[in-house]
Amino acid sequence: MIVYLLRRVGQSILAVVTMAVLVFIGVYAIGNPVDILVSPEASQAEIRATIERLGLDKPLWEQFLTFAGNALRGDLGTSFVYGRPAVEIILQRLPATFELAFVALLISVLIGIPLGVYAGLKPDSLGGRSVMAGSILGFSLPNFWQGMILILIFAVWLGWLPAGGRGPTVELLGIPVSFLTPQGWAYLLLPALNLALFKMALVIRLARANTREVCLQDYIKFARAKGLSPRRIVFVHVMKNIMIPIVTVLGLELGSMIAFAIVTETVFAWPGMGKLLIDSINLLDRPVIVAYLMLTVVIIVTINLAVDILYSILDPRVRLSEVKG
Amino acid sequence: MTPLLQVEDLRTHFFTRDGVARAVDGVSFTLNRGEVLGLVGESGSGKTVTGFSLLGLVDPPGRVVGGRILFDGTDLAGADEARLRKLRGKRIAMIFQDPMMTLNPVLRIDTQMVETVLAHDRVSRAEALARARAALVQVGISAPDERLASYPHQFSGGMRQRVAIAIALLHKPDLIIADEPTTALDVTIQAQILAEIQKLCRETGTALIWITHDLAVVSGLADKLAVMYAGRVVETGETSAVITAPVHPYTRGLIGSVPHGKPHRSMLQQIGGMTPSLLNLPKGCMFRPRCPRGDDECLAEPALREWLPGRFARCVHPHLDPHLDDAKERVS
Chain P
1 MIVYLLRRVG QSILAVVTMA VLVFIGVYAI GNPVDILVSP EASQAEIRAT IERLGLDKPL
61 WEQFLTFAGN ALRGDLGTSF VYGRPAVEII LQRLPATFEL AFVALLISVL IGIPLGVYAG
121 LKPDSLGGRS VMAGSILGFS LPNFWQGMIL ILIFAVWLGW LPAGGRGPTV ELLGIPVSFL
181 TPQGWAYLLL PALNLALFKM ALVIRLARAN TREVCLQDYI KFARAKGLSP RRIVFVHVMK
241 NIMIPIVTVL GLELGSMIAF AIVTETVFAW PGMGKLLIDS INLLDRPVIV AYLMLTVVII
301 VTINLAVDIL YSILDPRVRL SEVKG
Chain C
1 MTPLLQVEDL RTHFFTRDGV ARAVDGVSFT LNRGEVLGLV GESGSGKTVT GFSLLGLVDP
61 PGRVVGGRIL FDGTDLAGAD EARLRKLRGK RIAMIFQDPM MTLNPVLRID TQMVETVLAH
121 DRVSRAEALA RARAALVQVG ISAPDERLAS YPHQFSGGMR QRVAIAIALL HKPDLIIADE
181 PTTALDVTIQ AQILAEIQKL CRETGTALIW ITHDLAVVSG LADKLAVMYA GRVVETGETS
241 AVITAPVHPY TRGLIGSVPH GKPHRSMLQQ IGGMTPSLLN LPKGCMFRPR CPRGDDECLA
301 EPALREWLPG RFARCVHPHL DPHLDDAKER VS
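Sequence order for the protein chains is P and C.
Okay, so the first sequence: first residue is 1 according to UniProt numbering, each after it adds one.
Okay, so the second sequence: first residue is 1 according to UniProt numbering, each after it adds one.
Please keep in mind that the hints were generated in silico from the structure rather than gathered at the bench.
Quick caveat: nothing in here was measured; it's all calculated off a predicted structure.
Check before you lean on any hint, since a few could be wrong.
Distance ranges between label pairs, derived from CB positions [what the hints assert, rightly or not]: (1) Lys283(C) with Pro123(P): 32 to 38 Å; (2) Ile309(P) with Ser142(C): 39 to 45 Å; (3) Ile309(P) with Thr16(C): 42 to 48 Å; (4) Leu137(P) with Gly73(C): 51 to 57 Å; (5) Leu14(P) with Lys86(C): 54 to 60 Å; (6) Arg17(C) with Pro245(P): 25 to 31 Å; (7) Pro230(P) with Ala300(C): 53 to 59 Å; (8) Ala306(P) with Ala126(C): 44 to 50 Å; (9) Val123(C) with Ala306(P): 35 to 41 Å; (10) Trp185(P) with Ala126(C): 40 to 46 Å; (11) Ala126(C) with Val21(P): 33 to 39 Å; (12) Ala133(P) with Arg83(C): 34 to 40 Å.
Chain C is faced by these chain P residues, among others (derived, beta-carbon under 7 Å) [as the list claims (entries may be wrong)]: (13) Tyr219; (14) Arg224; (15) Pro316.
Glycine included, every Cβ here is placed at the ideal spot set by N, Cα and C.
Turn these sequences into a full structure, and let the hints steer you where they fit.
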């Protein structure tokens, strides 16, 4: 297990380094931030001073080494726009995105798995077919449009929930969160639902396909031949088997939910990292973009690592073969 | 004494898009307490479906559409799910063909055994575990405590089948249905498992239905045989009688196909053709197209009839005097 862990951590580090190079080179190719940062009337000397202050006159490799060295110390540069460390700005926005993504994940699992299993157990029933038809909508309707329709229905027509923003937050261990107050939930619910819909459709299809497959297995028939109750068969024998692929996929999806909540955050004016990224791209605020991408990579790599470990807990066959290997 | 199990004209059909597949269409046999019945037939003859029908485990689109399954006096053919569930694992247990597939790969052996005990008996977990342990010892598994804490993939095929047998024995059932439980195993393990089951059934007085395509295996084990062809029982009788003097031409062909004890390089016998499609069965006797004795008289389906004392067969031209028949066929 330890050898396995070390190997996985090594792979993760390699992924982060590779990404650092790609991100830095990629972002360097985008426009010239000086044009936006200095006023059009600025003199040549002022422009040169700005370039020197930002370190843009040095060759690319030197800039990268400086960047990498600073990155190791946790410094991903200072925002051109805000004049504060990029990491600090992003971390400030992080809790909002995390909260949104986790609640969305929770919604998609808590609703998606039961619906998917139901559709898998009764594939020909009206309910099962309706669930599948609904999941196709969840898949194919564009995310931003779903968000707008949600706002239209729940905020404009029904007036039950606010249309956007994060509303009041309370501090939990120094981090502002929404989920502790009913008011916070009112603001959180719509964007989380919007972000969850696509994943929910994915979970439903995954759970259904796996349930159908598992139900055909001999061990399910054997469990029935042992006289077990249907409830025990579904909740223990079927569930435990379908959780393996679902956890794998959801782990990957959680990463993408955190990283790419951008659309939802923009539609609902949710003050998270995604909105920050869009704003920074518009302003060519390189350090923030780079820091955002790097942080995203680290988050996804970490989640993947966690999923692998969780996977080995769920599936005894993985656990054992890795002990041997 | 009333028999433990009396199956009368059992019919299980599968309602598929291509038509009705009559997988089991007229199966009758009786089984007394402690008796061993060999249910023999080729692949697709309906023997496994027969086994599942007894437990009410036929999955849609299949359904038991007719006949009676009298188990200890009650008819299981029309019984509701709750009643069947009380019987399954408790009074009728089943062992499946492929031991690699019958145990749930993500649950530990103790979980899978304890849940079987708790499904029928209100006992403490500790007691259920003790019973599971005793059952493992009974089927000859050493270090049972260690085995209980293992997962199925840590076992060999033979070992898994022993565990499956131990699970079947947990409630000391009146009847065990064994669906080709040794087919997937090595020959040496096969013999071990066979001897084990035989011994356990004799000790506990459990009746056994042994489903197989292998006459050699079943002839040493079963008290009586029921030979199936295309969803029907075509011949039943005491094992020794059926083996030495088969009445139905199909049984003769089946026994002739066993290569045991033939001189080296002699031609192996075979039955020409293949089992008919269940969706498109021949008219009259199902075996007619492959039967050396088939003629126009066979176009009306024969009923199961007692040709010799205790010997039932579904045939118009049965072999009633084997020696005479052999001579006749050699001439022709």
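Results of checking the hints against the structure:
1. For Lys283(C) and Pro123(P), the hinted distance range of 32 to 38 Å is satisfied, since their beta carbons lie about 37 Å from each other.
2. In this structure, Ile309(P) and Ser142(C) break the distance hint of 39 to 45 Å, their C-beta atoms being roughly 34 Å apart.
3. Taking 42 to 48 Å as the suggested C-beta distance range, the pair Ile309(P) and Thr16(C) conforms, at roughly 45 Å.
4. Range check, Leu137(P) to Gly73(C): Cβ separation about 55 Å, and the 51 to 57 Å hint holds.
5. Here the CB-CB span from Leu14(P) to Lys86(C) is close to 58 Å, well matched to the stated 54 to 60 Å.
6. With their beta carbons about 29 Å apart, Arg17(C) and Pro245(P) fall inside the hinted range of 25 to 31 Å.
7. Taking the beta carbon of each, Pro230(P) and Ala300(C) are about 45 Å apart, not inside 53 to 59 Å as hinted.
8. A C-beta distance of roughly 36 Å is found between Ala306(P) and Ala126(C), which places it outside the suggested range of 44 to 50 Å.
9. Checked against the given bound of 35 to 41 Å, the beta carbons of Val123(C) and Ala306(P), roughly 40 Å apart, stay inside it.
10. The hint said 40 to 46 Å for the Cβ distance between Trp185(P) and Ala126(C), and at roughly 45 Å that hint holds.
11. With their beta carbons about 60 Å apart, Ala126(C) and Val21(P) fall outside the hinted range of 33 to 39 Å.
12. At roughly 37 Å, the beta carbons of Ala133(P) and Arg83(C) sit within the given window of 34 to 40 Å.
13. Among the interface hints, the one on Tyr219(P) holds; its C-beta lies about 4 Å from the nearest C-beta in chain C, closer than the 7 Å criterion.
14. Here the hint on Arg224(P) is kept, as its CB sits about 6 Å from the closest CB of chain C, short of 7 Å.
15. Because the smallest distance between the Cβ of Pro316(P) and any Cβ of chain C comes to about 4 Å, under 7 Å, the interface hint for this residue holds.
In terms of the numbered hints stated before, the structure departs from hints 2, 7, 8, 11, listed from lowest to highest.
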